[in-house]
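Q: According to my numbering, the stretch in the sequence shown is residues 7 to 215, in order.
Honestly, the hints are just simulated from the structure, not real lab data. A couple of the hints might just be wrong.
[Said to hold, decoys possible] Pair by pair, the computed Cβ-Cβ distance ranges are: (1) F142 <-> G177: 36 to 46 Å; (2) M7 <-> D197: 30 to 40 Å; (3) P185 <-> E90: 30 to 40 Å; (4) G28 <-> A207: 24 to 34 Å; (5) V105 <-> D200: 45 to 55 Å.
Just so we're clear, the structure is a prediction, and the values are computed from it rather than from any experiment. Glycine included, each C-beta is placed from N, C-alpha and C at the ideal position.
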Amino acid sequence: MTVLSAGPDRATDAIRKALSMGADKAVHINDPALHGSDAIQTGWTLAAALGQIGFENDEPADLIIAGNEATDGRVGAVPAIIAEYLGIPQLTQLRKLTVADGKVTGERETDEGIFGLEASLPAIVSVTEKINEPRFPSFKGIMAAKKKEVSVLTLADLGVDPETVGVANAGTTVTASTPKPPRTAGERVTDEGDGGSKIAAYLVGQKII
């Protein structure tokens with residue numbers, strides 16, 4: 007298993023954590039020109055890296071697993087963009103995932119219900135926080151991670167033109183931002199013998215059940 011990340015020096019902490027949780031090696035794309043890149047530019051850069059490390063060597067990647075979305079821009083489109091650039095199938099926003107017989111199958115949960123999806127390998131999938139319960143890094147794993155290989159690549163290594171990435175060349179612009187509103191105390195339900203029904207009705211109204 008190879009971990010791939012694009013980001014500044016501080017991304018090393020996340021990479022080492024992934025290695026301590028069991029990944030075999032890592033590739034870190036670190037180039038100042040990437041600062042401020044939008045989803046399309048990020049997807050293009052990651053696709054270029056995957057083209058080198060995942061599809062053009064003696065051990066091609068069968069499955070690329072990505073998170074659902076980043077916590078900053080929250081676009082949630084990078085996995086689909088990578089799939090388009092690489093010309094491989096994509097299954098996004100999965101809560102369950104199975105690989106067998108040259109195929110990947112999964113479940114996507116939406117407001118309308120749960121949908122089963124399937125694609126042939128190689129493919130890329132993005133998963134939600136419901137996919138599993140991540141293991142905690144053990145002391146042995148943390149120590150072993152310090153010795154595992156982390157390859158650092160620049161845009162030049164990937165053949166990506168710096169003039170095609172970065173905030174100055176982004177196709178999207180952040181026009182405004184607002185802080186996250188504080189959490190409220192929630193809704194209180196008074197039990198007058200029908201508390202269970204009221205709670206169930208509320209959960210249905212919120213599409214939780």
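Q: For each hint, tell me whether it holds in the structure or not.
A: The hints, checked one at a time:
About 40 Å separates the C-beta atoms of F142 and G177, a value consistent with the hinted range of 36 to 46 Å. Checking the proposed 30 to 40 Å range against M7 and D197 shows it is violated: the Cβ atoms sit about 50 Å from each other. One distance hint, 30 to 40 Å for the beta-carbon pair P185 and E90, holds here, with the actual separation near 34 Å. Against the hinted window of 24 to 34 Å, the Cβ-Cβ separation of G28 and A207 comes to about 44 Å, which falls outside the hint.
For V105 and D200, the Cβ-Cβ distance of about 47 Å falls inside the hinted range of 45 to 55 Å, so the restraint holds.
When held up to the earlier numbered hints, the structure conflicts with 2 and 4 and fits the remainder.
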